Each structure stands twice: as structure tokens, then as C-alpha cells.
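Q: Read off the chains here:
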Amino acid sequence: MRTILTYIPIRHLAIAGKTLENKCNLSCLKTGECACITGIHAPDGIRQRLQSMGLRTGREAQVIRCSRQGPMQIRVGSIDLIMRRSDAARVTISTGQ
Amino acid sequence: MKRLAIVGMPNTGKSTFFNRLTGSSSRVGNWPGVTVELLSANIILGDDAVEVVDLPGIYDLHGFSEDEQIVRDFLENNRVDLVTIILNAAQLDHQLPLALQIIKLGINCTVMINMIDEADQLGIRIDAVALAQGLGCPVQLISARHGTGFNEARDTISTALTRKQALSLDALRDNLHADDEIVARADMLVSQCIATPSRLVRRMTERIDRVLLHPVLGLPLFFLAMFLVFQAVYTLGAPLQDAVAWILDMVKVQAIEPFAGQLPPAVYGFLVDGLYDGIGTVASFVPVIILFFFLMAIVEDSGYLARAAYLTDSLMARMGLDGRGFVMILMGFGCNVPALMGTRVMRSRALRWLSMLVIPFSLCSARLQVFVFITTALFTPGQAPVVLFFMYVASFASAFLTALVFGRRLKSDEPFVLELPPYRAPILRQVLLRGWHEISHFLRRASTFIVTGVVLVWILTHYPEGSTPGGTDTWAGMLGEWMKPALDPIGISAAMSVVLVFGFVAKEIVIGAMVAMTGLEGDALTGYLATQMDLVQAISFMLFILLYTPCLSTIATQLSESRSWKFAGISLGWSLTLAWLVSFTFYQSARLLGY
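Sequence lines, in order, name chains A and B.
Residue 22 in this note's numbering sits at position 22 of the first sequence; the count goes up by one each step and never skips.
Remember, this note's numbering sits 1000 above the position in the second sequence when you count from 1.
One chain only, chain B, in its complex shape (with noise of 0.2 Å):
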């Protein structure tokens, strides 16, 4: 098995090359020296089987930022039989010289000048034979979006793998710690061989900028941008969540109760109560998922995220956080996890432990079924949406109170330097990949925590033997007893508080744990809420779920990218206080005014 890496600067289309190279093959996994996951995949080149692995985008190869340093530790830690260098066509002057680095090392490299289909409408001609030439390795025009120079690609990558890699890892390394000179030589290469207009003008983009940067009306078209996509959420989602567990249902009526009716009450029990309703609630949410990822998809993939940074940054910077830390709070709205490993573009430490303490106070997609789904039962049609609405604010000024109180401590002098591209109009196989990619990872996760915590649900809610199943004589029953001198004063009941405890686990299967415990479904559940608590204790519920902390999976991944056990104990003893404070605050006033 041989092995290509693909290396390349941000905004070069490298993962759309990966993913024409290796259609969707690809996978995600750990690798030595390196502390991330990476995407990689098996295919055929030619005679050989080759893993090719798609390494993070890079400015250079001196590891001053995480993703450098990924590369870096890859290379060094892992034998590459040839590195494939990405560059941007429109860009050479800028891009040649992280080239120049790595073909110094030494290394078996093919360039691939890609988006040159870009590069022709903006005037730039390439002389692509005299590159090679000054380069010292295969030089390949191609667009990685239409295909065009697709197979010479492919087959200049299978020749320059059946050559002999000779370097090995330890001359590798100490190349990689000798690089200098390098940008006068590709001032020189680019004079020599790259013939670019005296000012490059990009019509299309400038002029869809003038609208959407423009000083007074670009933030609110923004924010309607956000909401507009947030409404196709809901209303694409909507209808197909209601199919969705329509589907479950019919399956279950039809051929799952005349097969299991035979078992015994208490595998049925587990089996169909337990695990199936339980996975099943949770399963109707998965198309509204999915929709959300393909719109950030499409949203990332056509160049808007970088001016929505732009404009919010002067916003953030009284935070004490930048235009990125909006834009993945606003991630967070989907799910706070992939929002926090977007914050790795952040290169000073304060700033990145800012922007991931504040990021889990979004209210992400699994908290808003939770909230759908109470504000529904219990609610009127009018008020459901003010409710709703208000629990939105709350997250919003969770997340600015909490920039104050730590924004003091994390100060940072990060210059905030982003690159704009221009736009694209984000092509479908790209974004179904990209969202499919997200959708996997993500379901590949919960689906663990769902199976898992509903189990441990159904347990507790009905064991020890002969207790009355999410009875107070359960295991459930006894915690929620234990719990109660904190919970009573924010006025949740014990049965609610044994469904914090799982809430803590997954907001998706709170529902679920609902179900596994009582056993009601759909308006019976709806019933059962109502005589659990009333308007005043429903709000300060929600709020305690909204703020106490998202799930397992982001302290676990709060914990993965600080590397720190204080900083993700900080954050969770935080978001609990603030979350009890909160509460407390809401519940004794309201009840204090007479509500």
C-alpha cells in the first residue's frame, strides 16, 4: 500500500480534489504523532493500492498555528510516498512559495495548479512546462470542480508514485527545520512563468459585495440570510420529521408487534419501550439535521462565511472575541461540536478558550426538539414561538455575559486576518459530500450516546424487580429523591431531574427518556408533562436544559481540543452555576410576582 498526501493552502479546493480523487469513499481516522482525526481513503492508481489522505489547509510549513503543526507531525511521524501539492491557479504569486518548502524537503511532490478554469476568465496564463521545470517536479493544470485535466492528473500521480522514495524520515526532519529564501525564488518563478493582468478584477464577486458588505445593509441582510435559512429548516424539516415517525410507527404496528408479542413482558418491554420508541423519537430529528448541514454546506461552500465574519467582527471585538467566533457560534446553533473544532483556525490560545467557552451556550439542534417538543405540549399556538423566541435571547446573552466575565482573563493579541475568496456557486456533488461527511460523524456519535443512554433509561426507570416502572421506588426514583435539595428551589420535580441527569449525556434523548420512563408516547406523554409542571416551571426547566451543558460529546470535545482538564472542568462548572443561577433567578421571581 502506498501512500499520497494531499497538502495545499485554505481556499485551494483541496477537499474538493480529494474527493473527485477518491469519490466518497473516504473515512475518518487517528494517526501517529497526530492528535486530530483525518480524512483519508483507499483507491486504485494504476497498478498500486493507495491510501490517500487529505492533510488540513496550511500558509506554511513553519507551525505557528495547530494546522501547521498537524502537517508537520504527520510528515514526520508517517512514511508518504508522494505529497501532492494543491495551489490555487488565480493565486500563484502567494501560494508558490509553500511549494518551494515542500518540495525542499526533499520529498516525492506533483504540484496540482488548480481552479484554472477561475484563472482563464480573471486573464492569467500559466506556462505550465517552464514551472515544472523551476519547481523540479510535475506540474498539472486542472479544475478540481469540472474534472478538466482530470486523468493527466490521475496519471501523473500514478507515474510520480512508482518512483523511489528516497528521503528518509529523519532527513525529513531535518529538513523541515532548514527553509529560507524561498519567497525570492517564487518572485522569481512567477515573473518567469505566470503572466497575470496588472490588477486582477473580479467583477462577478465585487459586484455581489457591493450589496452584501455594503456598510448600513449588509447586516441585515445577513441576519435574514440566517433566518431564512433557519425557516427552511423548519419548514423542509417539518413534514419530513412527521413522515419519519409515521414510517416508525407503521413498522412497529405492522411487523414488529406481531413477531415480539410472543417474548417475555420484560424483553418486550426493553426491546420495544425501551429501545425502539426511545431510539425512534429520536430518530424523527435526523432530517432536520441533515437539512441543516446541507444549508451550512452550501452557506461555507459559496464563500459567505468569511463575509459574515467581516461583518460581525466589529461586534465581537467588544467581546473580546473576532468574526470567526461569531460565525461558529452560529455553527453552534446546528451542533455546538463541529463549532468547536472550527474555533482551530484560531491561532492565540485566550482567544480559542473564549470562543469555546462561549459556543456551548448556543442553542444547538438536539436543545431545540427539547424545546419544540415542551412548548407544544404546554403551550398555547401563540405563546409556543414567544417562548421559543425568548429562550433564543437567552442563549444570546448567556454567551455575551459569559465573553465578560472571562474576557478579562483570556486576552489575547491574535490579529484577525482572514482571507475573503470569491464566491462560487457551491456545486451539488460537492455539498451532498460535504454534508454527508458531517451527517455520518455526527450520527456515528449519537447514535452510541442514544443507544446507551436509552438503555441506561429504561434500567433505571425499572429496576430494582417490582418496582413500578419510572416509579419513585426505582433507581430513577431514588436519585431524583437525592437530587431534590438542589432542583426544588428551581422548581423541577424528581421524575424531571432524572431526565436531566440523561439530558446530560445527549439533548436527544431527553424525549427519549421521557418515553422509556413513563412509557406514553405522543399526546399521552404530552398529558403526562402537564401534570409534571405547570407554565412557570416548564420556562425555568427549559432554561436549566438550555444552559447546564449541551452533552457528553462537547465537554469530550472541549476536553480533546484545549487538551486541558481544568479548562473543560471550568467550563462545565460554569455552564452548571450560571444555568442553577439562571433558574433560580427566573423561577423564585416569576413565583414571587404570583405566576
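For reference, chain A alone in the conformation it holds in the complex (with noise of 0.2 Å):
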């Protein structure tokens, strides 16, 4: 079991009952790109601490900075925000191109 969820990339990870596909959660941005939040995808309490942080529906994020394994850095309007990665995956984006 072990084995196979290592093959498996993040991108493809269930979150919340739905299969994310490539570059539509905030996790999978690079640092300098930016796009438009369009849900959380978490329980009530995580969902409300997000988005009293500034993670709203409709803002802008832009990836600021990326530690390989660790956290990200996230500037949403006028605030920077260090964040997990499987916490940025909770995050639905659009890159609206």
C-alpha cells in the first residue's frame, strides 16, 4: 500500500471526494505564478480559519516562494501566508488564461 501511494503524484490525490486535476489547486502553482481562488475544499472549521486569513473566494494568490518539502508562501491582496502544501491543495484555482 505504502509502495503505490508514493507513485501516486499529489495532483491526482482525492481531496474532499473530488480528483483535482493538474494546476487547479493553489499546490501546484509556481513560484510567480498567480491565479484566481475559486472554492476550499475542507471541513466547515478549516474552510472558515482559510478564509478568515484572507483565502476568499475571488482573490488573487500569487506564489511567493516554495521550500521543496516545506511550506509555501502565498500573497493573497495585502498579506503573505506561509502554508503547507497539503493545505494550499485544499485551495481551487483558476489560472483564467
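Accuracy of the hints is not assured; some may be wrong.
To be verified - Here are the simulated distance ranges between beta carbons:
1) B:S1440 <-> A:G32: 42 to 50 Å
2) B:R1185 <-> A:K30: 34 to 42 Å
3) A:T38 <-> B:R1203: 28 to 36 Å
4) A:E33 <-> B:A1397: 37 to 45 Å
5) A:H41 <-> B:R1185: 24 to 32 Å
6) A:E60 <-> B:E1152: 42 to 50 Å
7) B:L1432 <-> A:E33: 51 to 59 Å
8) A:S86 <-> B:T1380: 28 to 36 Å
What the hints assert, rightly or not - In silico DMTMM-like cross-links for lysine to aspartate or glutamate, where the CA-CA straight-line distance does not exceed 25 Å:
9) B:K1164 <-> B:D1047
10) B:K1411 <-> A:D44
11) B:K1566 <-> B:D1534
12) B:K1104 <-> A:D44
13) A:K30 <-> B:E1206
14) B:K1252 <-> B:D1523
15) B:K1104 <-> B:D1170
16) B:K1002 <-> B:D1081
17) B:K1411 <-> B:D1127
18) B:K1164 <-> B:E1076
19) B:K1002 <-> B:E1206
20) A:K30 <-> B:E1419
Claimed, not checked - If the Cβ cut is set under 8 Å, some of the chain A residues that face chain B in the computed set are:
21) L29
22) T38
23) H41
24) I82
Derived from the structure by calculation, the hints contain no laboratory data.
Predicted model only: the values in this text are computed from it and were never measured.
The C-beta atom is built at its ideal place from N, Cα and C for all residues, glycine as well.
Two chains, two frames, some hints: make the complex.
A: Encoded structure:
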């Protein structure tokens, strides 16, 4: 089981019952890239918390910095956040090209 | 007496505002309905005596986190004449919803838009008149750091205080439970009243972060910074420590002995050999603790702590903890108690409890003073730092082991999201005030423990009447005899096991206890220690001291923070078990190897 899991890239992991495709959540963005937040897929308490920190639908988020395994630095409006990739994966985005 | 409550998000300069408004007259107190202590101060504003209360920083009023619950509980249970909402001028888009939430409660409000200097530099323009109209309450632009607009702010507050608070606590309670559509309204206000450059550029912060958060250099720089902090504490602290000890000795010889010499020997022994020497030995460590808190206040105020969390998160994730946990463990190296209280920022109970289980293994400054004393007494100058380093390694290793053992049971899905504030130069006044709060808190707690502890040790080691002080026929000696079966296998003598009993109360009194027990000081005490233990026993003793429990305050804090006797009990039981096992393994294998 363990060995199988390690071969599944993060972008195919099921989050909140949905399979997120490539470029569809915040954790898939590269340094410097921007996207518009379309939703947060998490239990109520966690969604509330992410929202109160500024991650709201319709806002633009930019990835400022990613460490290889550790957290990412995200800029939303006037505020800079650091968040884990696993949490960034809860935030769905559209690149809106 | 009118009551003013200060509310705002974290990183808005709320405490700076509080400190500037109240000066240094603040105190920590308990409030109805609220389980933690809040900072408050009494001041005169206009014609009124006003009690100002600093509430914890919150992101919204929904009460998902402990701090949010505290603010709600406070507002629901205490009459408040005015709420002053502090907002960060550079983040109004993000902060206005909170202000609207509070205003919508129908409570008497004023809004202070703080850090106006930073917003100016970023090119943000704020139309305060339009905003005041939109919010429906007075708005004042200020810089609490530099005092800009502060006189006007004082006037605004004192005028607002004369307005009558019409809302009853019951009505407020109802209003707290209904709030919607606020974000939309906030966005509308932002677009009407605040002009922000399309993309904010914080040049200074970004330039510094490019180095300090560098993928390769970041971590080494972080450890270097922490090393420098500790190095500074002890390089600057050691001479101060000697100076305090010298002054205390002078006072004893010049002022106390000539007068106290006429007292009956038993009273003299109690007052001078017991109380004065015991407290004096402990007091000489105060400078080190003060320095530590000042430096921590600087690191914290500069915005670097959030960076430390970013850098260490991937390491901590493997332990089931997160970057904030690492910062708290690090704080624990100063004192475990504030570190335990700092875990309040974590919202998931599992994560918080795991962090609170790990923190007590941080080698705090009180334990360090014991180790410094023992290593300098028993080891060569070459060996001493190595032994001390070994203690730090043991401290980290036990923390990892604890996280491994309990991590499976205390799993959490807590999101790790943290605000990264821009770098700010710490302001001296602010650092001193913050440092002062921490130290006075620490001293108040420590002093009661220390006096009680020292007096208890003295009584136990000098009674029943007619026994030899510190001998085996005293109560202490009997206690040591009773614990012998447990402590013999780890090489701790009967006399030293008595010291352990008092170390349980506070490590600050361990050396004080040795002084009170033996009536010896300085070199004489060092000589006595050498007769009590050899090097292997000394290390085993120190390992036990390191792990068996930090102090009674820590246990009390764990209990009050977790509100669970079971948790505090498990934590204590685990520490005691781990301490005994580690000491046992070390002592027996060292003996087996022929040391």
C-alpha cells in the first residue's frame, strides 16, 4: 500500500471527494505564478480558518516562494501567508488564461 | 470606572497601541467568564477613569479558535463601554470584515487605523472620512510605534466614551450569534475608500527574505541566529551573574551578619543560612533570564519567528508537529511555561497536546543553571562544555522520542497557515516593556516557589530537633532512605534524592536546596558535591534532572492550558518514566563498561 501511494503524484490525490486535476489547486502553482481562488475544499472549521486568513473566493493569490518539501509562501491581497502544500491543495484555483 | 476593550487581528500593533495608551502601569488579571489572564491598566482619559483591557489577537468573531472564544466570552460576560478596534492600514482589505463584525454587534466602537507610516511608504491612500461614514463610527489614522496621530486618538476615544452604551449584555449575546454578508460589504468599502497600488512591493522585506529564507542558507542562518542569541545571553550574563553574587555577599557580610549575629542560633540559621543564602544563590541567575527574555522579545518583534516556523516546518511535519511547535520548543529553552502558553495559536487539540507533551523536554534556563553548576564543579574545563552539549542532545532526542511515541495517537488535520509579517525594526521601548512583562510574571511566580521551597528544604533538613543538619536522621534523610530502592539503581545518593524532591517544585531551588541543606557555599559546596557523586553518577543525576519534570509551574500550566487532569497526569507519568529509564540505561551501561 505504502509503495503504491508514493507513486501517485499529489495532483491526483482525492481531496474532499473530488479528484483535482493539474493546475487546479494552489499547491500546483510554481514560484511567481498567480491564480484566482475559486473555492476551498475542507471541513467547515478549517475552511472558516483559511477564509479568515484572507483566502476567499474571487481573490488573487500569488506564489512568492516554495521550499522543496516544506511550506509555500502565498500572497493574497496585502497579506503574505505561509502554508503547507497539503493545505494549499485544499484551495482550488483557476488560472483564467 | 469605564471600561475600554482593545480588539484587533494579530500583527496589527495592538499591544504597541495598548502600551502607548497606558504606559507601563498594566497588570495581569482574571475576568468573569474568561479562563485566561488578560492584560489591563487603569488610566485617566479626559474626565473619566478608564480601565483598558487588551484582548487576544483574533481573525474573526466566530470562535473557532481559543483566542476567538476568549474574546467572545469576555464580551458576553463583562460590561464594556467602548471597543477600540485596531486595524493594520496596509491590510485593510483583509481586516475590515472583523471591524464590521464588531460594529454590527451594536456595541459602542472606535476604529484606529494603525501603521499609517507603513501604508504611506507602500503608497496606500486611505480616505478616513469616507471610511468613518461607511463604518458608522469614528476612524482615526495613527502610528502607535511613532505616536503619529496619537493625541487625536486619545481625544476620539475619550469623546466616544461619553456616549452611552445602550446595548445590554443579552442583546449583545444575540447579535454575536448572527452575522452575514459582511465580507461583501467590506469589499465594497475597500473599493470606495482605499486606493492600493495594483501590486504591493515590500522591497526591504523581500530583499531580506531572499537571504534569510534561502532554500540552502536559510536553516544554517537560523541556527546561527539562535546560537548567537544564546551565546549573547551567557557572554553578557555571566559577568552580571558574578556581580549580583558579589553584591549579595557584600550585603551579607557588611549589613546582615553584624545585626543578625545577636539572634538565637536557630533563628539566625533559618534566616541567613536558609532563606538569605538560598534566595541569593537563585537571584544571581536572574540577569541571565532577563537577558534571554529581552533578546527573545527582539527576535519576536522583528518578525523573524514566523520565518523560523517556515524554515523548520518540513522537519517538524515528520514528527507530527509543525513549524510553530518548533518555535515554541525553542522558546522552551528559555522557560517552558511561556512556551506552553504559546501553543494557544494552534487550534487543533491533538496538535496542541502533542506540542505540550514535547515542550517540557526543552532544556530551560533553570535546568541550565543546575547543569552549569554541576559541570563546572565536577568536570574539567575541557569536559564541561562537552557534557553540557550532551545534555542539549539528550533534550532534543527525548523531544523527538516523545513525538514519535504519542504522534500516532494525537494526529491532527490542523492546517498550517501562518501570517508572514514584514520585517520591522524592534523599538527599544516596546522590547523593554515586553521583556518587563515576561520577567515580572516569571519573578512573581518563581519567587513564591523559591521562598516556599527554600524554607521547606531548610525545615526538612534541620528537623526533628537535635538532628545533625542535613544528616540522615533529619526528615529529609528519612525521605531519601524511603526513595532508595528507586534511585539506587540510577546512582543517585540519598542526599541527592532529597534535592530531587525540591527540584520537582522548581529547578531554580536545586542549588539553593544544596546550600540550605549543607550550610556550605561556593568552593566548599563544590567539594561536597565531589564526595556525593563521581562523574558517571553526575551525568546520570543530570539526565534525571533534565527529564523528570521541569517544575511545578509547568505542570500547573499544562493543567490549566489543557483543562485535563488526565493529560497533565500522562505528561508527568511519561516524564518520570522516561527519566528513570534513560538514567538507568546510562548508569548501568557505563558501569558495565567499567567507568
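Q: Decide, hint by hint, whether the structure agrees.
A: How the hints compare with the structure:
1. B:S1440 <-> A:G32: 42 to 50 Å: Given a distance of about 47 Å, which is inside 42 to 50 Å, the answer is holds.
2. B:R1185 <-> A:K30: 34 to 42 Å: 35 Å, holds
3. A:T38 <-> B:R1203: 28 to 36 Å: 31 Å, holds
4. A:E33 <-> B:A1397: 37 to 45 Å: 41 Å, holds
5. A:H41 <-> B:R1185: 24 to 32 Å: 26 Å, holds
6. A:E60 <-> B:E1152: 42 to 50 Å: 35 Å, violated
7. B:L1432 <-> A:E33: 51 to 59 Å: Taking Cβ atoms as reference, L1432 of chain B and E33 of chain A lie about 44 Å apart, which means the hint is violated.
8. A:S86 <-> B:T1380: 28 to 36 Å: 50 Å, violated
9. B:K1164 <-> B:D1047: Holds, at about 15 Å.
10. B:K1411 <-> A:D44: 18 Å, holds
11. B:K1566 <-> B:D1534: The hint is violated at about 38 Å.
12. B:K1104 <-> A:D44: 23 Å, holds
13. A:K30 <-> B:E1206: 18 Å, holds
14. B:K1252 <-> B:D1523: With Cα atoms ~18 Å apart, K1252 of chain B and D1523 of chain B stay inside 25 Å; holds.
15. B:K1104 <-> B:D1170: Holds, because 15 Å separates the two Cα atoms, which is no more than 25 Å.
16. B:K1002 <-> B:D1081: The given pair, whose Cα atoms are some 6 Å apart, holds under the 25 Å limit.
17. B:K1411 <-> B:D1127: Roughly 47 Å between the alpha carbons, so the hint for K1411 of chain B and D1127 of chain B is violated.
18. B:K1164 <-> B:E1076: 18 Å, holds
19. B:K1002 <-> B:E1206: Not satisfied, since the Cα-Cα distance of roughly 44 Å exceeds 25 Å.
20. A:K30 <-> B:E1419: Satisfied, since the Cα-Cα distance of roughly 20 Å is no more than 25 Å.
21. L29: 16 Å, violated
22. T38: Nearest chain B Cβ about 16 Å off; hint violated.
23. H41: 12 Å, violated
24. I82: 5 Å, holds
The structure fails hints 6, 7, 8, 11, 17, 19, 21, 22 and 23 (numbered hints given earlier, in ascending order).
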